[in-house]
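A.B. asks: Each chain, written out:
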Amino acid sequence: MYRTRILDHLVLVLGALFLTLPVVVALMTSTHEAATIHSKGLMLSPGGHFVETYETVLTRQGGFTGQVTGARMMMNSFILGIGFALGKITLSMLAAYAIVYFRFRFATLAFWVIFTTLLLPLEVRIMPSYEVMSGLGLINTYTGLIVPLLASATGTFYFRQFFKSVPEELLEAARIDGAGPFKFFIDVLVPLSKTMAAAIFIIMFVYGWNQYLWPMLMTTDERFFTLMRGIKQILQVWIGSQIPDYNEAFALAVLAMLPPVLIVVVFQSWFIKGLTESDK
Amino acid sequence: MATIEIDKVSKIYHGGVPAVSEVDIAIDDGEFIVLVGPSGCGKSTLLRMVAGLETISSGTVRIGGRVVNDVEPADRDIAMVFQNYALYPHMTVRENLAYGLKNRRTPKPEIETRVAEAARMLELGPYLDRKPRALSGGQRQRVAMGRAIVRQPSAFLFDEPLSNLDAKLRVSMRGEIKRLQRRVGTTSLYVTHDQLEAMTLADRLVVLNGGRIEQVGRPLDVYHAPASTFVASFIGSPAMNLVQGELHGSRLAIGPALIDLGQAVPTQGPVTVGFRAEDLQVAAIATSGNASIGEGILPLRVDYVEELGSQRLVHGVVGDQAVTVALSSDAPLSGEMPVAIAIGRLHFFDAGTGRRLAWSGSEPHRTATAAGRLENVR
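Those sequence lines, one after another, are chains A and P. Heads up: the first sequence begins at 1 in this note's numbering, then just goes up one per residue. Heads up: the second sequence begins at 1001 in this note's numbering, then just goes up one per residue.
So here's chain P without its partners, still in its complex pose (with noise of 0.2 Å):
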């Protein structure tokens, strides 16, 4: 168990394109951080700079307050979970486990009874003398995490470990990944492009782009308070409405619709507005007209929609700009509706940077309740 720093590290490659460039994260002793983006946003080259996998071009990393930059990855005491597992397909799931150990020379019974209790703990005791290729997707990602577990490192690197399974599986896999790391409480450092693996795994999240950090903070903060409109596209499914909009004092033009925030505001002129599809809804017939106190209403015209089941998406236009709603399945439909918005939940982001601006109208999210009852769990 150890903290990881990682200290304005980048990794520039041949012929100059910065991957990664000058990212700090702190990691904390037992946390479980992700670090989540668009493929080719430098987050796997950032985790396999730690994993020693790749050389880093300037920064140090530290573990456990050990600098290990010229460090082999073999004496980094971390333990590492590929993509498509990397298991040693002519050794049985037994011996997977135990080839780490014998490299360091660890004493034969010690083996025994960490692979034992490996496998007791990832349910993999009837497949121990099976090769690989006898065993499903499932299985196969366990004997990939059991081959890092049984070593007892400083921390566990995850490099997109659920990607090559189905759907089911990857949600199952996904509750045993945390119900996992937090037996053990080993320091976790996972990759994904999966922003909802991202949301449900971490303690706090690394939203990265473009090699640089967006946000760093905890799941909640990080989708109710979105830092730019990179992070509030990325981040929650579907993705938060983004549309241009114009300040003039305290009303705000979207298209058609003006909506009178009734306090100060961040700026003036264009402005990028952001709103959860979760935070509209089907506005009263009788309010559709002039809204009411700390309310917005915005003429939707619809264009199509998505039923999941337990609600409806429903996909339109506000003036010429694309606002997708979610409302429950039992909401009523029409071609023309109007929708209402709590003034609270606007977002604004700088139109020309993307950057959030604060505003005192916004309203506090539910992360500290939230957060509260995580802890509980734990």
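Isolated chain A (complex conformation) (with noise of 0.2 Å):
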């Protein structure tokens, strides 16, 4: 039986520092003065104004018109984060559903179209989409933070690959059983695709939530300001000498990073057993 060594443990505990000190860093810095971090650089321990920051950022009225605070961009975040993971699951299953149970014409060559839509990143297409939603009115809208988004080749492919993974006489002892097309998608695959959909939610929520380049083409009103777009706000004070508000910014870094922990943290077991196990 191999023994860990003092050398193992060594490389352990110099990967956990390399992949932990950033966030600790920030977190300690976040709890100092601004003036202090100007003069002084990223701080390691702990300085006295942790609440005190932490409430400024939470509640001040700031921004431009003053009428945003950091808790209302959490909360823009979080619709954006759920809202995006939710209709990228619900879409990509109804896409996948049709792909896989219904002979239509060209099923293939629908979904490989789909398929190739992997390799174009929203910023290819980031343009004509910016245009698309303005000659609808949906800047400042939740709906146009989200609805373009939400085509998802990752979650299609995904879906196709359980689907068709899926017993096929699960579908004739329906079909024998009288549940229709409708109903089997509800009554059977739904259920049986819970895991895998706890999976990709937690993938999808945390690249809805750091997303960063559309919420700022789509949104100029304040009030739609997502956490991302708001760090950056703070740290674009440089009028006259004043110093920027560090301790502010690496406040708000924690908190944007807070959300998408939690959520892995707590689903964790849930996400490996829908990358590792199918429940069939």
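Dumping the calculated BS3-like pairs for lysine-lysine here, alpha-carbon to alpha-carbon at most 27 Å: (1) P:K1131 <-> P:K1108; (2) P:K1131 <-> A:K164; (3) A:K273 <-> A:K194; (4) A:K273 <-> A:K164; (5) A:K164 <-> A:K194; (6) P:K1131 <-> A:K194; (7) P:K1131 <-> P:K1168; (8) P:K1131 <-> P:K1102; (9) P:K1131 <-> A:K273; (10) P:K1131 <-> A:K183; (11) A:K273 <-> A:K183; (12) A:K232 <-> A:K40; (13) A:K183 <-> A:K164; (14) P:K1108 <-> A:K183; (15) A:K194 <-> P:K1102; (16) A:K183 <-> A:K194; (17) P:K1168 <-> P:K1178; (18) P:K1102 <-> A:K183.
Going by beta-carbon spacing under 8 Å, a handful of chain P positions derived as facing chain A: (19) L1053; (20) P1073; (21) A1074; (22) A1079; (23) M1080; (24) F1082; (25) Y1088; (26) P1089; (27) H1090; (28) Y1099; (29) G1100; (30) N1103; (31) R1104.
Partial selection, computed: residues in chain P whose CB lies under 10 Å from chain A: (32) R1151; (33) L1157; (34) D1159.
What the hints contain is simulated information worked out from the structure, not anything from laboratory work. We treat Cβ as the ideally placed atom computed from N, Cα and C, and that holds for glycine.
Both chains are given apart, each in its own frame, so use the hints to dock them into the complex.
C.D. replies: Dropping the structure here:
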């Protein structure tokens, strides 16, 4: 049997430090005053201003119009993240259902067309997408923020592979049991895909939460700002000799990191189940 | 409860390959019919056409007198048991049983009584709130059967339902299926590749080969009077010995052996001769040279012996043709042993087509009494 030696632990400790230190530094730095940070740089020891900094960040009316708070931005991020993830799951499940279970012309072609869009990130079609959204008057709305991002080749692909692995007899048994296409989808496929959907939800939520470019284009009204935009806003105050609120920027960054971490921690058993085992 | 008529039914897949050609079967009300054949013989395809899971290329299927060619599976009033059970993994046993009834808008109290009834019949009571995952293979199989029973359909369709079980369980489930079918009296169509399962379950067997019917008949009729060399080699274990022989007048030559049939023979010249391993006996030494009346002697050179406990299978050659003999486990063995066969137990098949040739010397078999016994069991 292999015995763990000191060197192994050393490698592990170094790796862990390497990955966590930036987060620790951000957290520690955010508890100091902006002036301290400006003169001393990044901090590794806790400062004494944790509560007040975070309270200011979350509740102070800020921004250009003075209407937006950190809490509000956080809510916007949540709406974007959850709407994005749920929408993607719904849409890609329906698309995969059509591709796998219905024999229509060019089904394979349709799938490969969807699949090739995997290669094209949002940035490629960002101008036309913006054009369409502004034409529809959807700028500064949640709809405009979420809907154009929903079509998902990755999700469709995952669900297609999953549906293909569902035994054919299940469909046949359901047909004999008198379940039509809709009933089969709702009563059999959706419950079977639960763990799979949970795994995709986590990935997509984090992805949606971290969106930056698209919200930046779509929102000019500060009430629709997401956290990702908000952080940058704070650092844009180089007016005269004012010191930027480094502490607040770091605090926002830490706050922005929290929900995805929480979601992964809470759902991780589902996540692993969804990726490794199939409930058949 | 209903009759099923399969009338000149064919299935031709894209590319023109026929999987089933012009099959006719008439199934009586309450009858248990087993479709048996090697894999790829079209038996599952035929069953799936009756179920409505496969389209019918030509011909008609009638269930209870109604043509169902274009009727959805759910509306054919049938229930099917699948090889891999096809239970809904996310539903409890109770929900699995009730799902078909729920979709049919059966009133709730009715569903409950029927599920309870099926659970009692199949001894599933303690497992009603479990998921299929937490059940053993045999229990899952019973749930699959329960799902068919609660529907009270006019016909059960079984698609190799026991293939996924281990040998011991298969035997007990076989008995259970038979018992259950007798009890509810529902017309059943059962597909299997296992001839033993077919023999033990069927009221009538349908032996299929290459998409065509080779023979239809009661198990013992098929066993004792196979209609072709295919049926002869497929039904019965060990398989019937089939050797090439030559008929001259009333004398039959098999390799070095000459047998005097002593009566009219069905043909002349080359012929395929069949005889069951258990119809052969060790010939008494005294008579080994010249056979007694109504008996043929074959000189057997023994290759190897399989001990089965209750009997031993002796594999050897007569001339250069393989022959298997089933002997009682205390029978004496030697390297060269003459074996005797009653002439009445010989079967003749056309050397070219493999079809059975009727001949007057053939012994009437004991189906009548056996079938009588079966009636009593019912």
